[in-house]
Amino acid sequence: MPELPEVETTLRGISPYVSQSQIKQLIVRESRLRWPIPEDLSQHLEGATIGVPWRRGKYLLLPIGTSGTLMIHLGMSGSLRIVDPDLAPRKHDHVDLVLESGRALRFHDPRRFGCILFTETPREHPLLRDLGPEPFDTVFDGRFLYRQSRKRKTSVKAFIMDSHMVVGVGNIYASESLFAAGISPTRAAGNISLARYERLAQAIQGVLSASIAQGGTTLRDFVNATGNPGYFRQTLNVYEREGELCRVCETPVKMARQAQRATYWCPHCQS
DNA sequence: CAGCACTCCTGTTCGC
DNA sequence: TGCGAACAGGAGTGCT
Numbered sequence: 579m580p581e582l583p584e585v586e587t588t589l590r591g592i593s594p595y596v597s598q599s600q601i602k603q604l605i606v607r608e609s610r611l612r613w614p615i616p617e618d619l620s621q622h623l624e625g626a627t628i629g630v631p632w633r634r635g636k637y638l639l640l641p642i643g644t645s646g647t648l649m650i651h652l653g654m655s656g657s658l659r660i661v662d663p664d665l666a667p668r669k670h671d672h673v674d675l676v677l678e679s680g681r682a683l684r685f686h687d688p689r690r691f692g693c694i695l696f697t698e699t700p701r702e703h704p705l706l707r708d709l710g711p712e713p714f715d716t717v718f719d720g721r722f723l724y725r726q727s728r729k730r731k732t733s734v735k736a737f738i739m740d741s742h743m744v745v746g747v748g749n750i751y752a753s754e755s756l757f758a759a760g761i762s763p764t765r766a767a768g769n770i771s772l773a774r775y776e777r778l779a780q781a782i783q784g785v786l787s788a789s790i791a792q793g794g795t796t797l798r799d800f801v802n803a804t805g806n807p808g809y810f811r812q813t814l815n816v817y818e819r820e821g822e823l824c825r826v827c828e829t830p831v832k833m834a835r836q837a838q839r840a841t842y843w844c845p846h847c848q849s
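Numbering (the working numbering), first residue to last: 579 to 849.
Derived by calculation from the structure, the hints in this document are not laboratory data. Don't take every hint at face value.
SDA-like mimics (lysine to any residue), calculated; alpha carbons at most 20 angstroms apart, straight line [as the list claims (entries may be wrong)]: (1) Lys729 / Thr764; (2) Lys729 / Ala773; (3) Lys602 / Asp671; (4) Lys602 / Gly720; (5) Lys731 / Ala773; (6) Lys731 / Ala766; (7) Lys731 / His622; (8) Lys602 / Pro663; (9) Lys731 / Gly720; (10) Lys731 / Arg721; (11) Lys602 / Gly653; (12) Lys832 / Gly768; (13) Lys602 / His622; (14) Lys602 / Asp662; (15) Lys602 / Thr627; (16) Lys669 / Pro688; (17) Lys602 / Arg681; (18) Lys832 / Ser762; (19) Lys729 / Gly768; (20) Lys731 / Ser741.
It should be emphasised that the depicted structure is a prediction, and the values quoted were computed from it without experimental measurement.
Take the sequences, apply the hints, and build the full model.
As structure tokens, this is what we get:
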């Protein structure tokens with residue numbers, strides 16, 4: 579399931595192939611994604627040249643000529659691959675962006691939680707304009723988390739997963755970051771000290787950058803732009819390790835459900 | 001506004 | 001062995 583490191587891995591994988599490439603044809607085999615693919619999308623894309631792709635949170639953004647930007651979200655089962663356009667599409671290969679270079683960018687998404695949209699003004703788009711800072715932005719630090727969390731009764735885990743606070747922290751990395759910081763996921767966000775938020779901000783950055791360095795976490799079916807898995811899974815300390823022993827203190831890892839999401843933590847190392 | 005529950009979807013896993 | 005049920009989850013939406 580793509581989280582920020584997977585999206586970043588995808589961005590780096592596809593960029594060399596799509597940047598400065600002209601779009602020959604848009605092929606939509608299934609338009610029913612999270613939101614329908616705009617019916618007039620091919621008019622915006624065909625014949626246009628793609629600029630330098632970028633990322634905001636988990637959204638991949640491909641500048642299209644001078645007219646706008648293609649927004650792609652991978653949802654939780656989506657992936658993008660560079661393929662030979664003649665390669666027969668598999669099940670759930672919903673969209674191809676055929677390039678003049680002789681390759682195609684192919685969007686695959688079994689659960690169809692992803693989306694492909696077009697906007698003339700990406701930074702003002704409702705899905706992007708209210709997002710919190712990037713975890714590697716200078717404004718994101720312990721003081722930021724501390725300030726934002728005052729008087730918040732929600733759990734610290736739900737708090738750091740809120741993309742209006744900080745983008746890119748999904749379910750896996752929320753558990754892993756809280757473990758690294760030694761903070762119990764059930765603790766109320768508003769009751770955590772500045773010192774602990776300093777640790778947490780650093781933990782989030784450390785966990786995310788380590789995962790990016792490993793090519794993302796392959797849990798079930800994530801593959802990068804060349805179809806290879808990521809290797810961060812072997813590094814996970816608590817996620818999906820219920821009942822297994824903490825790598826630090828050998829206490830069994832616990833699992834509980836918070837807001838319909840599984841949370842994993844070590845009851846000895848985290849308080 | 002804050003804090004929830006609900007919703008979309010299909011592949012995988014589980015229980016009988 | 002086969003079947004249906006439960007489960008997984010990013011994040012927008014809508015209700016209290």
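So, going through the hints one by one against the coordinates:
1. A distance of roughly 15 angstroms separates the Cα atoms of Lys729 and Thr764; the hinted pair therefore holds under the 20 angstroms criterion.
2. For the suggested pair Lys729 and Ala773, the alpha carbons sit about 17 angstroms apart, so the restraint of at most 20 angstroms is met.
3. As the CA atoms of Lys602 and Asp671 are separated by approximately 18 angstroms, the hinted pair is consistent with the 20 angstroms bound.
4. About 47 angstroms separates the Cα atoms of Lys602 and Gly720, which puts this hinted pair outside 20 angstroms; it is violated.
5. With a C-alpha separation of about 19 angstroms, the suggested pairing of Lys731 with Ala773 holds against the 20 angstroms cut-off.
6. With a C-alpha separation of about 5 angstroms, the suggested pair Lys731 and Ala766 falls inside the 20 angstroms cut-off, and the hint holds.
7. A threshold of 20 angstroms between alpha carbons decides the hint, and for Lys731 with His622 the separation of about 45 angstroms lies outside it, so the pair is violated.
8. For the given pair, Lys602 sits about 11 angstroms from Pro663 by alpha-carbon distance, which is consistent with the 20 angstroms threshold.
9. For the suggested pair Lys731 and Gly720, the alpha carbons sit about 18 angstroms apart, so the restraint of at most 20 angstroms is met.
10. Distance restraint check for Lys731 and Arg721: the Cα-Cα separation of roughly 18 angstroms lies within the 20 angstroms cut-off, and the hinted pair is therefore satisfied.
11. Annotation: proposed proximity of Lys602 to Gly653 is violated, straight-line Cα distance about 26 angstroms (limit 20 angstroms).
12. Simply put, Lys832 and Gly768 have alpha-carbon atoms about 23 angstroms apart, too far for the 20 angstroms limit, and the pair is violated.
13. Taking the CA atoms of Lys602 and His622, the gap is near 12 angstroms; set against the 20 angstroms cutoff, the hint holds.
14. A C-alpha spacing of about 14 angstroms is found between Lys602 and Asp662, which places the hinted pair at or below 20 angstroms, so the restraint holds.
15. Restraint check: the Cα-Cα separation between Lys602 and Thr627 comes to about 9 angstroms, which is no more than 20 angstroms; the hinted pair holds.
16. Distance hint between Lys669 and Pro688 is fulfilled; the C-alpha atoms sit about 8 angstroms from each other, no more than 20 angstroms.
17. Distance restraint check for Lys602 and Arg681: the Cα-Cα separation of roughly 10 angstroms lies within the 20 angstroms cut-off, and the hinted pair is therefore satisfied.
18. With a C-alpha separation of about 11 angstroms, the suggested pair Lys832 and Ser762 falls inside the 20 angstroms cut-off, and the hint holds.
19. The suggested pairing of Lys729 with Gly768 holds, with an alpha-carbon distance near 5 angstroms, which does not exceed 20 angstroms.
20. In summary, the hint linking Lys731 to Ser741 is supported, as the alpha carbons are separated by about 17 angstroms, within the 20 angstroms threshold.
Going down the numbered hints, you'll see the structure goes against 4, 7, 11, 12, while the others check out.
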